[in-house]
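Enquirer: Listed below are the residues making up each chain.
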Amino acid sequence: MAAPRMMLVADFERCTGCRTCELACALWHEREFNPKRSRIAVLRDPERGVNVPVFCVQCEDAPCVASCPTGALQKDRDSGLVTLNYDLCIGCKTCVSVCPFGGIVVDPVSNKVIKCDLCGGDPQCVRFCPEEILHYVPVTVANLMRRKKSLERIPKLLELALPRVV
Amino acid sequence: MEGIGGYAGRYLEVDLTTGKHRVRDTPRAWMRDYVGGTGFAARYLWDHLTPGIDPLGPENVIFFGTGPVTGTLGHATGRLVVASKAPLTGIWGESHVGGQLAPEIKYAGYDFIAITGRAERPVYLWIDDDHVEIRDASHMWGKTTRETFKLIWEDVGDDSVQSAVIGPAGERLVRFANVMVDFYDAAGRTGMGAVMGSKNLKAVAVRGSRGIKVANFEEFYEVIQRIYAKATTGEWREIANDTIRGYGTPYLIDVMYSIGRLPTKNHWTGVFPEAEKINGEALKAVRISHKSCFSCFLQCKYVHHVDSGRFACTLTGGPEYEALVSLGTNVMISDLGAIIHANNLCNEYGMDVITAGKIISWLMEVYERGLVTEEDIGGLRPKWGDVDLVIDLLHKMARREGIGDLLAEGALRAARKIGKGTERYVIHVKGLEASAQDGRSHKSIGLAHAVNVRGADHLRGLCTYDELPWAVKYAYERFGEEEAKRMVIDDRLDPTGKGYLTWLTENFYSIVDSMITCKYGAMWPMIYYYDDFAPWLKALTGIEELGSERRLALAGERIYMLRRAFNAREGVGKEADTLNPRFTEEPMPEGPGKGQVVELEVMLREYYEYRGLDWETGWPKRSKLEQLGLTDVAEELASLGRLGE
Numbered sequence: 003m004a005a006p007r008m009m010l011v012a013d014f015e016r017c018t019g020c021r022t023c024e025l026a027c028a029l030w031h032e033r034e035f036n037p038k039r040s041r042i043a044v045l046r047d048p049e050r051g052v053n054v055p056v057f058c059v060q061c062e063d064a065p066c067v068a069s070c071p072t073g074a075l076q077k078d079r080d081s082g083l084v085t086l087n088y089d090l091c092i093g094c095k096t097c098v099s100v101c102p103f104g105g106i107v108v109d110p111v112s113n114k115v116i117k118c119d120l121c122g123g124d125p126q127c128v129r130f131c132p133e134e135i136l137h138y139v140p141v142t143v144a145n146l147m148r149r150k151k152s153l154e155r156i157p158k159l160l161e162l163a164l165p166r167v168v
Numbered sequence: 105m106e107g108i109g110g111y112a113g114r115y116l117e118v119d120l121t122t123g124k125h126r127v128r129d130t131p132r133a134w135m136r137d138y139v140g141g142t143g144f145a146a147r148y149l150w151d152h153l154t155p156g157i158d159p160l161g162p163e164n165v166i167f168f169g170t171g172p173v174t175g176t177l178g179h180a181t182g183r184l185v186v187a188s189k190a191p192l193t194g195i196w197g198e199s200h201v202g203g204q205l206a207p208e209i210k211y212a213g214y215d216f217i218a219i220t221g222r223a224e225r226p227v228y229l230w231i232d233d234d235h236v237e238i239r240d241a242s243h244m245w246g247k248t249t250r251e252t253f254k255l256i257w258e259d260v261g262d263d264s265v266q267s268a269v270i271g272p273a274g275e276r277l278v279r280f281a282n283v284m285v286d287f288y289d290a291a292g293r294t295g296m297g298a299v300m301g302s303k304n305l306k307a308v309a310v311r312g313s314r315g316i317k318v319a320n321f322e323e324f325y326e327v328i329q330r331i332y333a334k335a336t337t338g339e340w341r342e343i344a345n346d347t348i349r350g351y352g353t354p355y356l357i358d359v360m361y362s363i364g365r366l367p368t369k370n371h372w373t374g375v376f377p378e379a380e381k382i383n384g385e386a387l388k389a390v391r392i393s394h395k396s397c398f399s400c401f402l403q404c405k406y407v408h409h410v411d412s413g414r415f416a417c418t419l420t421g422g423p424e425y426e427a428l429v430s431l432g433t434n435v436m437i438s439d440l441g442a443i444i445h446a447n448n449l450c451n452e453y454g455m456d457v458i459t460a461g462k463i464i465s466w467l468m469e470v471y472e473r474g475l476v477t478e479e480d481i482g483g484l485r486p487k488w489g490d491v492d493l494v495i496d497l498l499h500k501m502a503r504r505e506g507i508g509d510l511l512a513e514g515a516l517r518a519a520r521k522i523g524k525g526t527e528r529y530v531i532h533v534k535g536l537e538a539s540a541q542d543g544r545s546h547k548s549i550g551l552a553h554a555v556n557v558r559g560a561d562h563l564r565g566l567c568t569y570d571e572l573p574w575a576v577k578y579a580y581e582r583f584g585e586e587e588a589k590r591m592v593i594d595d596r597l598d599p600t601g602k603g604y605l606t607w608l609t610e611n612f613y614s615i616v617d618s619m620i621t622c623k624y625g626a627m628w629p630m631i632y633y634y635d636d637f638a639p640w641l642k643a644l645t646g647i648e649e650l651g652s653e654r655r656l657a658l659a660g661e662r663i664y665m666l667r668r669a670f671n672a673r674e675g676v677g678k679e680a681d682t683l684n685p686r687f688t689e690e691p692m693p694e695g696p697g698k699g700q701v702v703e704l705e706v707m708l709r710e711y712y713e714y715r716g717l718d719w720e721t722g723w724p725k726r727s728k729l730e731q732l733g734l735t736d737v738a739e740e741l742a743s744l745g746r747l748g749e
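Residue numbers (our numbering), protein chains in the order written: chain V, 3 to 168; chain H, 105 to 749.
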């Protein structure tokens, strides 16, 4: 059996909204600094300090793939990626409308759509996240991480002083 | 700008009187000689302002500047400089702020925006890439900063738009009105908000979609990974976690308490017995979220919400260390809810927390000393720790109501109007009320306050190597043993070598303020120095000169000296490089600095020598100006009779 799929996962409760991920993403893909050309975007509420990183989550049954009129968007069963073939893409932006997360972006320079390709297995947003809230991990680990996160919601138990044995 | 990275390569000039604007190319020579940010501001304001103008007149310019690293991947690349001739002091004015506006200015295609003139009615400036529009702001006039941010979003139909706004205090020309960015980040000092108010300019709102180029991707990518790793892994990360990242600037309350440098009771002492009620740990109880400025590797911003008691439902970013002092220890208040509430009032009205608080502590002291009576100060009976009085006065100053109208002029002007010996107790330099340091317990900061080009404040020259015993080793590592010993870095109470140290520090911070990155990372923790910045700037911009540590240091000296020359041109020289007798004559009454005073003259002499200033007058010397390539500046000063030698 193949190794488990890798996935990009965000510990979004801890995102501070610095948007370093957006810069790293745009630099890698477009060789320039421009958050508006980033595949990942942080939705910020600066008044309350609430921030949510938004990116393509590579759906298994992806609405963008199902609605793409030219077949430019495909689900690659081996890598798990939702891939975008620019030779077929006509720039209709249907995928932008149907994505439930806002994970597909219109590039203001080319006016074509852009989306996360996981940087070929070395996501730059993960590499440069100063708060280390973005992780690229096997799906099994992602599950575990979220389970541990739910444990944090019972802090009183965790903060109990443990008996000293020696 | 073929081949050049980092910079937008253009800047925007707006004249609010005529309603016209134009876009010009950023001179290549400026990039090499002045780097950006503060450096560009100094050159631009020197070139465009006539000495003697009214800071609140239409001829003044307000400058919103970015630097080469602004908006690029790197540490703290969201910093903005706001500069102008200052309404509070009548000299060089600048204030820096984080948040996320500065990158947006760059993405819109501008290295800086310079605004002059005065609009006939309230307006705001809307910049959407090449689209520049002066828009009606009559529906925003009178609104708080928080309301204004939201009204702009409604107006332009995009709640990701970044803006710099003023509150009611700026509109009413309160001389210490600030400029707010991203809800809670303040370009606080020297009254930049009053300059905006005087121009009927409520806000500058920007959206940009242009990219910034990188000169050499491979080289940059390698350098920036190093820059990133330095702040986010290993020893520096651990230090940051225990201090600036873990608690934000409030961690400083404990640190300053430990060295007896926590200004208390109008800077009378450096010890506040109830410090632990308002320290970083105490603030955790009301913390609701962790926030960050744009592309920051240290992340020191926290949002607080008071959920019970008299000040319940107060939501604000901060208080920072400075507010905890100016609205806390220095007025003897240890009620955290009250401080957060007072801090929020300053944010919403758009007033500098430092000056606002220091005016109140001055009033408390002169009343306690019997220099003034109730009749002199609008029927008030100020006493230490009076929460109601502080809150009442903040409202009155912001609205210029009653005694607040006089206090809105700043402590020095108010004291001169009242007379009766009250000026003696205004803790200021050059008209700027002192920030939360005390040179008696840390000699180099005494000098740094006295010579700072914008007045009594730490951000142009505070040295942190000599501040804490355990930080000393980093000076040995960075400068070598000989240099460290020459600066007597091991002893913060010894004035020897501190003139040289302050000169060195000011030059370096001039580069920090011009790139622009944050003092956090350069000042504390002292992660980065020229040997990090030079390769970073070189790879990003492709400009050879910016890749030379020696040339960068020289540019820092040039940028500092030009601002000094700006003040000289306004007629401000040696007489203003001074400290309140509180620091030079009254020994520190208690704590680790007990019995100490600031030996200013010995440090000043050494400093003047390195800075190239005339000992009698304080004017910049021709030889030094010429060495720095500022011959035109020397000629202009000579024509005014304000050139040294």
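Everything labelled a hint here was simulated from the structure, so no lab data went into it.
Any given hint might turn out to be false.
Stated by the list, open to error - Below 25 angstroms or equal to it, Euclidean Cα-Cα: the simulated SDA-like pairs (lysine to any residue) are:
(1) H:K334 x V:E134
(2) V:K151 x H:N345
(3) V:K38 x H:W340
(4) H:K247 x V:E49
(5) V:K38 x H:I108
(6) V:K151 x H:E385
(7) H:K254 x V:G104
(8) V:K38 x H:R391
(9) H:K247 x H:S264
(10) V:K38 x H:G113
(11) V:K38 x H:A389
(12) V:K38 x H:N345
(13) H:K521 x H:D595
(14) V:K151 x H:K254
What the hints assert, rightly or not - Derived coverage of chain H by chain V (criterion: at least 3 residues anywhere in the stretch with Cβ under 8 angstroms from a Cβ of chain V; other residues may be distant):
(15) 214 to 224
(16) 360 to 374
To be verified - Covered stretches of chain V (chain H as the covering partner; in silico rule of three or more C-beta atoms under 8 angstroms from a C-beta of chain H):
(17) 29 to 39
(18) 147 to 154
Heads up, the beta-carbon is just placed ideally off N, CA and C, and yes, glycines get one too.
Enquirer: Now tell me, hint by hint, if it's right for this structure.
Expert: Now the hints, each set against the structure:
1. H:K334 x V:E134: Holds. H:K334 to V:E134 sits at ~15 angstroms (cutoff 25 angstroms).
2. V:K151 x H:N345: Status holds; Cα separation ~21 angstroms.
3. V:K38 x H:W340: Not satisfied, since the Cα-Cα distance of roughly 32 angstroms exceeds 25 angstroms.
4. H:K247 x V:E49: Distance of about 16 angstroms is within 25 angstroms: holds.
5. V:K38 x H:I108: Holds, because 21 angstroms separates the two Cα atoms, which is no more than 25 angstroms.
6. V:K151 x H:E385: Roughly 24 angstroms between the alpha carbons, so the hint for V:K151 and H:E385 holds.
7. H:K254 x V:G104: holds, 23 angstroms
8. V:K38 x H:R391: violated, 31 angstroms
9. H:K247 x H:S264: Answer holds: H:K247 to H:S264 is near 20 angstroms, not above 25 angstroms.
10. V:K38 x H:G113: holds, 20 angstroms
11. V:K38 x H:A389: Distance of about 37 angstroms is beyond 25 angstroms: violated.
12. V:K38 x H:N345: violated, 31 angstroms
13. H:K521 x H:D595: violated, 41 angstroms
14. V:K151 x H:K254: violated, 33 angstroms
15. 214 to 224: violated (count 0)
16. 360 to 374: Violated, because only 0 residues of the region 360 to 374 of chain H bring their Cβ atoms closer than 8 angstroms to Cβ atoms of chain V.
17. 29 to 39: It holds: at least three residues are needed, and the region 29 to 39 of chain V offers 9 whose Cβ sits within less than 8 angstroms of chain H.
18. 147 to 154: Contact hint for the region 147 to 154 of chain V vs chain H: violated, 0 residues under 8 angstroms.
When each numbered hint is compared with the structure, violations occur for hints 3, 8, 11, 12, 13, 14, 15, 16, 18.
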